[in-house]
Amino acid sequence: MNPLTCPLPVFDTETILMGHGGGGRLSADLFRNIFLPAFGNSILGRADDQALVEIGGARLAFTTDSFVVKPLFFRGGDIGSLAVHGTVNDLAVGGATPLFLSAAFILEEGFPLESLRRIVSSMREAAQRASVQIVTGDTKVVEKGSCDGMFINTAGIGIVDTNLHLSADQARPGDVVLLSGPIGDHGIAILAEREGLSFETDIVSDTAPLHSLVADLLAAGATIRCMRDPTRGGVASSCNEIAQTSGVGIQLEEKAIPLRDEVRGACELLGLDPLYIANEGKLLAICAPEDAERLLDAMQRHPLGRCASRIGKVTSENSGLLTMRTALGATRIVDMLANDPLPRIC
Amino acid sequence: MKYLDEYRDGRLAARLLREIERKVAHPWVLMEICGGQTHTIMRYGLDELLPSSIELVHGPGCPVCVTPASILDRAIELAQRDDVTLVSYGDLLRVPGTKIDLFSAKARGADVRMVYSPLDALRIARLNSNRKVVFLAVGFETTAPANAMAVYQAHREGLDNFFLLASHVLVPPAIRALAASPDNRVQGFIAPGHVCTVVGCSDYEDLVQEFHVPIVVGGFEPVDLLQAILGLVTQLEEGRAEFANEYTRSVSYRGNLEAQRILREVFEVADQSWRGLGEIPQSGLRLRGKFAAWDADKVFDLQVPQAEAPSACISAEILKGLQKPTDCSAFGSVCTPESPLGAPMVSSEGACSAYYQYRRHSLVTIQ
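Order-wise, the sequence lines are chains F and V.
Going by my numbering, the letters in the first sequence line up with residues 1 to 346, in that order.
Going by my numbering, the letters in the second sequence line up with residues 1 to 367, in that order.
Treat the hints loosely; a few may be bogus.
[Stated by the list, open to error] Here's a subset of chain V near chain F, in silico, CB distances under 10 Å, partners left out:
hint: 1; residue: L4
hint: 2; residue: D9
hint: 3; residue: A13
hint: 4; residue: A14
hint: 5; residue: L17
hint: 6; residue: R94
hint: 7; residue: A107
hint: 8; residue: Y116
hint: 9; residue: F211
hint: 10; residue: Y356
hint: 11; residue: R360
Treat the hints as calculated values from the structure; they're not laboratory data.
Here the structure is a predicted model, which means the values were calculated and not measured.
A virtual CB, placed ideally from N, CA and C, is assigned to each residue, including glycine.
Given these sequences and hints, build the entire structure.
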């Protein structure tokens, strides 16, 4: 029997699907099959959230991110604050002190100036809070119907201590996985405001700049291997990436993962797994086992890390896979996200 | 969280597991009917924790898995028409028809929208009177009442731009087909708790009488399932075959009478084709003639595609509980959730998908 003759077709890969922007497996395919071969260089090949470049002896972190969140305003934030935090966080998790940002706006014809003012003002506040300056930018306007209100792109640079080497390929068996707080708040807050999903909740997006939390952690003198802010694709996708890049297994403890009852309830109702839901102000850190307590303590002393906990460990078994010990004591895989349950989350 | 934590409690689960271990003296093959139950079993690793003499096989209760590709082809054909908005559940959008899925149709410009309730589809129809809004509805007795209600309301409001494209299946005829099959291995069934919540228990009592096989209604949390398994094992070891309900917090004997009333008013029982299992007599629902104006199959001039070619993947054996996903040579290598060769790999509730998602680390056959 030849299973290849089954009449079901393979996934249509010749067209861009929403899943290609979901931060899961399809996004990774796009990077690996289209972008990396075209632009290939050793810096891009590291596939971290930020590029690390050396210029005249200084180590700079450089990153960019586009924001297409729908709706533009949501509980706890808006596209403007998100665009600043997103880039600041991509720099911070590389161990960089964020310094300068660019902001490029793609505006739809007919977009109200009042909304633009609100968003820009929110960006200014977010930049102040993150101690970065927005030093360059661009504006383009497209015909009505060519974009959904507005999209923003931000890029940023920051400076990295020359002795620091954080990367997704650094995790080693025995390392400990720490998480700064409850997961899924951003994704569920956005979901609650979407057309067609009739449920109400008080959940607020966790969008926040992580630079000062990261600074506190770096100052704690612990051996940190790698940090991530688990945005699109959630904690599951970040951990999967680290496991694959480092060639190790990562095992999470279901009972140890912080999760608000409201988020859990919404996920139960909608059939979603909170491990895949986006966060915009959470930090995932992998550190040497002997430093775990010290790092956890430093996290918990920061306002953004009060509910931090030790959620898992790095293993030599199940290389390249993320697994989870369930509340009942069995072990299951937590797979890479195959298709985005909810597009345009950030 | 109330009504969840107590049914996922590790100590309670351990106690039930010990009790099952004490009771079991012979090998037994049990089938959970519903894909949601399969999902829980794999997600919590219940099959790993149970005594090895208990074999769980996975039933046909994943609605997406048993939906014939032809209805997806009809949905995709409709979605590609300029004046049609095709609305459905997220799960269904990525189920392949014979050529593409609805997500791909959307990427090519079709107006395809995802909702969580058919009533949201009604709302889209009310707000877009210039569009023909077609709700693609599949599923068991659980989803059928809400779909019936959507058609009933459209009828009452005179909403003439809402249509239902439906492929509804019924559980008891499928159990009958499995139990009557000469190669049946299943010695006890865990009946689907949500279906019984709607339609009640009497059909399942009839099946117990007819086939002298124990049937226990089970819920969807690990403790619910362990209670159902304990109930079945106890009966089997004592040589009994009875009906029992272990999901009493949701299932009453008569079920949800209001839901049954709207089901009867809007739908009638009809022969139905199941992907993987073929045609089963009187195992589906179709809109009654009174509601023909809302029946997409009657209103639109849809080319009826040819009957499906027999699938070479082993999904039929899997849906009948004769083989496990891991018995398939394609599993995890050429057949994955991104490029599924068979329906049980497509839906998140499908048995192959559940094995792939949760269990492939313990399988040596993976590439």
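Taking the hints in turn, this is what the structure says about them:
no. : hint : result
1   : L4   : 7 Å, holds
2   : D9   : 8 Å, holds
3   : A13  : 5 Å, holds
4   : A14  : 8 Å, holds
5   : L17  : 9 Å, holds
6   : R94  : 6 Å, holds
7   : A107 : 4 Å, holds
8   : Y116 : 6 Å, holds
9   : F211 : 30 Å, violated
10  : Y356 : 7 Å, holds
11  : R360 : 6 Å, holds
When each numbered hint is compared with the structure, a violation occurs for hint 9 only.
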